[in-house]
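Asker: Listed below, chain by chain, are the residues.
2 protein chains.
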Amino acid sequence: MTEEDIIQLFFNKNAEPKSDCYVLDNKYLVTTDSISENTHFKTNWSSPKDIAKKLVEVNVSDIAAGGGIPTNAFLNLGLSKKTSKKTWIKEFSFELKKNLKFYSIELSGGDTYYSENTNLTLTLIGKTNHPVNRTGGKAGDYLYITGDLGLSEIGFQVLSKKIRPDFVTYKNSIEKHLRPVSKLFFMQDIFHKYSINASMDITDGLFQDSLKLAKASSVHLKINLDQLPNLERYAKYIGVEGVLSSGEELEILFLSSDRIVESGITEIGNAEKGNGKVTFTQNGKKIIPKSKGFFHFT
Amino acid sequence: MTEEDIIQLFFNKNAEPKSDCYVLDNKYLVTTDSISENTHFKTNWSSPKDIAKKLVEVNVSDIAAGGGIPTNAFLNLGLSKKTSKKTWIKEFSFELKKNLKFYSIELSGGDTYYSENTNLTLTLIGKTNHPVNRTGGKAGDYLYITGDLGLSEIGFQVLSKKIRPDFVTYKNSIEKHLRPVSKLFFMQDIFHKYSINASMDITDGLFQDSLKLAKASSVHLKINLDQLPNLERYAKYIGVEGVLSSGEELEILFLSSDRIVESGITEIGNAEKGNGKVTFTQNGKKIIPKSKGFFHFT
Chain X
1 MTEEDIIQLF FNKNAEPKSD CYVLDNKYLV TTDSISENTH FKTNWSSPKD IAKKLVEVNV
61 SDIAAGGGIP TNAFLNLGLS KKTSKKTWIK EFSFELKKNL KFYSIELSGG DTYYSENTNL
121 TLTLIGKTNH PVNRTGGKAG DYLYITGDLG LSEIGFQVLS KKIRPDFVTY KNSIEKHLRP
181 VSKLFFMQDI FHKYSINASM DITDGLFQDS LKLAKASSVH LKINLDQLPN LERYAKYIGV
241 EGVLSSGEEL EILFLSSDRI VESGITEIGN AEKGNGKVTF TQNGKKIIPK SKGFFHFT
Chain W
1 MTEEDIIQLF FNKNAEPKSD CYVLDNKYLV TTDSISENTH FKTNWSSPKD IAKKLVEVNV
61 SDIAAGGGIP TNAFLNLGLS KKTSKKTWIK EFSFELKKNL KFYSIELSGG DTYYSENTNL
121 TLTLIGKTNH PVNRTGGKAG DYLYITGDLG LSEIGFQVLS KKIRPDFVTY KNSIEKHLRP
181 VSKLFFMQDI FHKYSINASM DITDGLFQDS LKLAKASSVH LKINLDQLPN LERYAKYIGV
241 EGVLSSGEEL EILFLSSDRI VESGITEIGN AEKGNGKVTF TQNGKKIIPK SKGFFHFT
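Chains as they are written, first to last, in this note's numbering: chain X, 1 to 298; chain W, 1 to 298.
If you are wondering where the hints come from, they were derived from the structure by calculation, not from laboratory data. Keep in mind it's a predicted model, so treat the numbers as computed, not measured. Treat the hints with care, since some could be wrong.
Claimed, not checked - Cβ pair distances, simulated, as ranges:
#1 X:Val-181 to W:Lys-86: 46 to 54 Å
#2 W:Gly-274 to X:Ser-195: 58 to 66 Å
#3 X:Lys-101 to W:Asn-26: 23 to 31 Å
As the list claims (entries may be wrong) - Here are the simulated DMTMM-like pairs of lysine to aspartate or glutamate, each with C-alpha atoms no more than 25 Å apart in a straight line:
#4 X:Lys-49 to W:Glu-116
#5 W:Lys-90 to W:Glu-116
#6 W:Lys-97 to X:Asp-25
#7 W:Lys-81 to X:Glu-4
#8 W:Lys-49 to W:Glu-95
#9 W:Lys-82 to X:Asp-5
#10 X:Lys-212 to X:Glu-267
#11 W:Lys-18 to W:Glu-267
#12 W:Lys-86 to X:Asp-5
#13 X:Lys-49 to W:Asp-5
#14 W:Lys-81 to X:Asp-25
#15 X:Lys-85 to W:Glu-262
#16 X:Lys-101 to W:Asp-5
#17 W:Lys-161 to X:Glu-116
#18 X:Lys-215 to X:Asp-50
#19 W:Lys-82 to X:Glu-4
#20 X:Lys-127 to W:Asp-189
#21 X:Lys-85 to W:Asp-5
#22 W:Lys-85 to X:Asp-5
#23 W:Lys-98 to X:Glu-267
#24 W:Lys-98 to X:Glu-4
#25 W:Lys-161 to W:Glu-232
#26 W:Lys-101 to X:Glu-4
#27 W:Lys-171 to W:Asp-148
#28 W:Lys-82 to X:Asp-25
#29 W:Lys-162 to W:Glu-4
#30 X:Lys-97 to W:Glu-4
#31 X:Lys-212 to W:Glu-106
#32 X:Lys-86 to W:Glu-175
#33 X:Lys-85 to W:Glu-116
#34 W:Lys-101 to X:Asp-5
#35 X:Lys-101 to W:Glu-106
#36 W:Lys-49 to X:Glu-116
#37 W:Lys-86 to X:Glu-116
#38 W:Lys-42 to W:Glu-95
#39 W:Lys-97 to X:Glu-267
#40 X:Lys-27 to W:Glu-106
The beta-carbon is built from N, C-alpha and C at its ideal position, and this holds for glycine as well.
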């Protein structure tokens, strides 16, 4: 079964989630993400510190996309024989607390149990005065992305010893793959200054994620890949498909009726009247990516 | 490391949690519990339906103890090769939805991912007008328990083919071990009628859990085991220690200044001035249980 089929079974409706967070009482955000050994990290690639940081950042990123700030965390620690050892758990807990403290998040609950492979779930509650989900985009909006895309996939291929890019890309890609950083504070500024209609973070790659945004907002997104920062540089190693399917980037994709010119943000397209479609152009020509990105259960 | 040591690392203070739920804004309850293949269930003992039911009930039980009713659920599905198969996931999702519907809980988010062994995390949000935790017990309070204790451990030993009790105990114990049921609606009535000062559910056994309650409320709990329903009947198979360390019972242990006489509730002791101590008596004599119950990491 595909992941979409499974989600459909539980939700009995359009399987595309409408938001990175659940909005409670129009003022709280709730999000939860798990990372599992050998699916989301390998203990021979990632240190306990890397894993703790990634667990916090992937969850904070959802709160960042939802237009809030995180306040409370709940930690479900499924530890294996290896990761329940004192040295591992000490390093992990030290870094987890450090990262929660950085974001002023209180650890408020959770549980600890034995699991044959390490399974870590973090649930975050956040506050917001202006929750943003994926559904508010309108025809006429401009489409923006923070940072660039592709490094996470390059990092994965570097660690898998499949490719060996130039030194700067090599270093940056490993950093981005093992220790991605959410755009929380950056987006707080942007939400404060501009009117953001719809927003999400890039976790499954631009190809899949832009389609989710287009469907949720019922618009036709036109994306001009010539505008995507560093596309050619990264495509040299993993192809355009590789860049468009690079997941866990924690960059924010958003629609705004404002024309935004800010360092760290790039306008990569716009929303037109339509119904859940995305068109990519490169060098003035329409392109259809070959890969659909990463699906867990296909 | 013991589970307590691990919790201490993360919380940097008294490791005993003060509540089954986190209380947000004095009106929301948040709780989360994971169940992991071969730690909390075995797929050759439990059907997908049993597992779905258990996942819901163990979490609802925390909301029951906290004095609330659950409203929203978040599901992190870590599915293995076996459990991501269509038949398994269909049965599981059908039963999960049925159980959430029974409690009027909305499935509001979560994620789906591949895990080498099945790891299921449910997070519940609930509402309450009178949150109850473990800290409010006072000297002079009466100590109560719902139902009886021991069947879950007997069920485990029956399924492990270690013991073979009388037919009724045999049947009831398997039912209680595989398909425990929370005391949510029952406790809602009790919270409505009486003044409950402190409350928790039995997940690690009366021995460990009563100590947590005594510590959190800073009282000396005196427990008269002669009052514990069915103690002798169940101790015949697993000893008094077995009964006192039987976990995942989902019965509620609580302190009230009211004298309560209700079917399904038994007064088993009282709280005196003191500081986090529990004394058990049986046949008028003090007893010290040999077993400390189940610790995951020792």
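Asker: Against each hint, give a clear statement of whether it holds in the structure.
Answerer: Status of each hint after checking the structure:
Range check, Val-181 of chain X to Lys-86 of chain W: about 38 Å between beta-carbon atoms, so the 46 to 54 Å window is missed. For the hinted restraint 58 to 66 Å between Gly-274 of chain W and Ser-195 of chain X, the CB-CB distance of approximately 60 Å keeps it satisfied. For Lys-101 of chain X and Asn-26 of chain W, the Cβ-Cβ distance of about 25 Å falls inside the hinted range of 23 to 31 Å, so the restraint holds. A hinted pair counts as satisfied when its Cα atoms are at most 25 Å apart, and Lys-49 of chain X with Glu-116 of chain W qualifies at roughly 22 Å.
Between the alpha carbons of Lys-90 of chain W and Glu-116 of chain W the distance comes to roughly 20 Å, so the proposed pair stays at or under 25 Å and holds. Using a Cα cut-off of 25 Å, the hinted pair Lys-97 of chain W and Asp-25 of chain X holds, with the two alpha carbons roughly 23 Å apart. Distance check on the hinted pair: Lys-81 of chain W and Glu-4 of chain X sit about 17 Å apart at the alpha-carbon level, within 25 Å; holds. Distance check on the hinted pair: Lys-49 of chain W and Glu-95 of chain W sit about 5 Å apart at the alpha-carbon level, within 25 Å; holds.
For the proposed pair Lys-82 of chain W and Asp-5 of chain X, the alpha carbon gap of about 16 Å is at most 25 Å, so the pair holds. With a CA separation close to 18 Å, the supplied pair Lys-212 of chain X and Glu-267 of chain X stays within the 25 Å bound. Distance check on the hinted pair: Lys-18 of chain W and Glu-267 of chain W sit about 23 Å apart at the alpha-carbon level, within 25 Å; holds. In summary, the hint linking Lys-86 of chain W to Asp-5 of chain X is supported, as the alpha carbons are separated by about 10 Å, within the 25 Å threshold.
Distance check on the hinted pair: Lys-49 of chain X and Asp-5 of chain W sit about 19 Å apart at the alpha-carbon level, within 25 Å; holds. A threshold of 25 Å between alpha carbons decides the hint, and for Lys-81 of chain W with Asp-25 of chain X the separation of about 38 Å lies outside it, so the pair is violated. Pair hint Lys-85 of chain X plus Glu-262 of chain W does not hold up; C-alpha atoms about 47 Å apart against a cutoff of 25 Å. Under the criterion of a C-alpha separation no larger than 25 Å, the hint pairing Lys-101 of chain X with Asp-5 of chain W is consistent with the structure, at around 21 Å.
The straight-line distance between the Cα atoms of Lys-161 of chain W and Glu-116 of chain X is roughly 23 Å, inside the 25 Å bound, and the hint therefore holds. As the CA atoms of Lys-215 of chain X and Asp-50 of chain X are separated by approximately 34 Å, the hinted pair breaks the 25 Å bound. Between the alpha carbons of Lys-82 of chain W and Glu-4 of chain X the distance comes to roughly 18 Å, so the proposed pair stays at or under 25 Å and holds. Distance restraint check for Lys-127 of chain X and Asp-189 of chain W: the Cα-Cα separation of roughly 33 Å exceeds the 25 Å cut-off, and the hinted pair is therefore not satisfied.
Only pairs whose Cα atoms come within 25 Å are accepted, and Lys-85 of chain X paired with Asp-5 of chain W is accepted, the gap being roughly 11 Å. About 11 Å separates the Cα atoms of Lys-85 of chain W and Asp-5 of chain X, which keeps this hinted pair within 25 Å; it holds. A distance of roughly 45 Å separates the Cα atoms of Lys-98 of chain W and Glu-267 of chain X; the hinted pair therefore is violated under the 25 Å criterion. Taking the CA atoms of Lys-98 of chain W and Glu-4 of chain X, the gap is about 21 Å. The hint holds against a cut of 25 Å.
Of the pairs offered as hints, the one joining Lys-161 of chain W and Glu-232 of chain W holds, with about 21 Å between alpha carbons and a cut-off of 25 Å not exceeded. Restraint check: the Cα-Cα separation between Lys-101 of chain W and Glu-4 of chain X comes to about 22 Å, which is no more than 25 Å; the hinted pair holds. The suggested pairing of Lys-171 of chain W with Asp-148 of chain W holds, with an alpha-carbon distance near 15 Å, which does not exceed 25 Å. With a C-alpha separation of about 38 Å, the suggested pairing of Lys-82 of chain W with Asp-25 of chain X is violated against the 25 Å cut-off.
For a cut-off of 25 Å, the pair hint linking Lys-162 of chain W to Glu-4 of chain W is broken: about 29 Å separates their Cα positions. With a C-alpha separation of about 17 Å, the suggested pair Lys-97 of chain X and Glu-4 of chain W falls inside the 25 Å cut-off, and the hint holds. With a C-alpha separation of about 22 Å, the suggested pairing of Lys-212 of chain X with Glu-106 of chain W holds against the 25 Å cut-off. Our distance criterion of 25 Å between C-alpha atoms is broken by Lys-86 of chain X and Glu-175 of chain W, whose separation comes to about 37 Å.
Simply put, Lys-85 of chain X and Glu-116 of chain W have alpha-carbon atoms about 20 Å apart, close enough for the 25 Å limit, and the pair holds. The straight-line distance between the Cα atoms of Lys-101 of chain W and Asp-5 of chain X is roughly 21 Å, inside the 25 Å bound, and the hint therefore holds. With a CA separation close to 31 Å, the supplied pair Lys-101 of chain X and Glu-106 of chain W exceeds the 25 Å bound. Annotation: proposed proximity of Lys-49 of chain W to Glu-116 of chain X holds, straight-line Cα distance about 22 Å (limit 25 Å).
Restraint check for Lys-86 of chain W and Glu-116 of chain X: satisfied, since their Cα atoms lie roughly 23 Å apart, inside the 25 Å limit. Only pairs whose Cα atoms come within 25 Å are accepted, and Lys-42 of chain W paired with Glu-95 of chain W is accepted, the gap being roughly 17 Å. Under the criterion of a C-alpha separation no larger than 25 Å, the hint pairing Lys-97 of chain W with Glu-267 of chain X is inconsistent with the structure, at around 42 Å. For the hint linking Lys-27 of chain X to Glu-106 of chain W, the alpha-carbon distance of about 18 Å falls within 25 Å, and the restraint holds.
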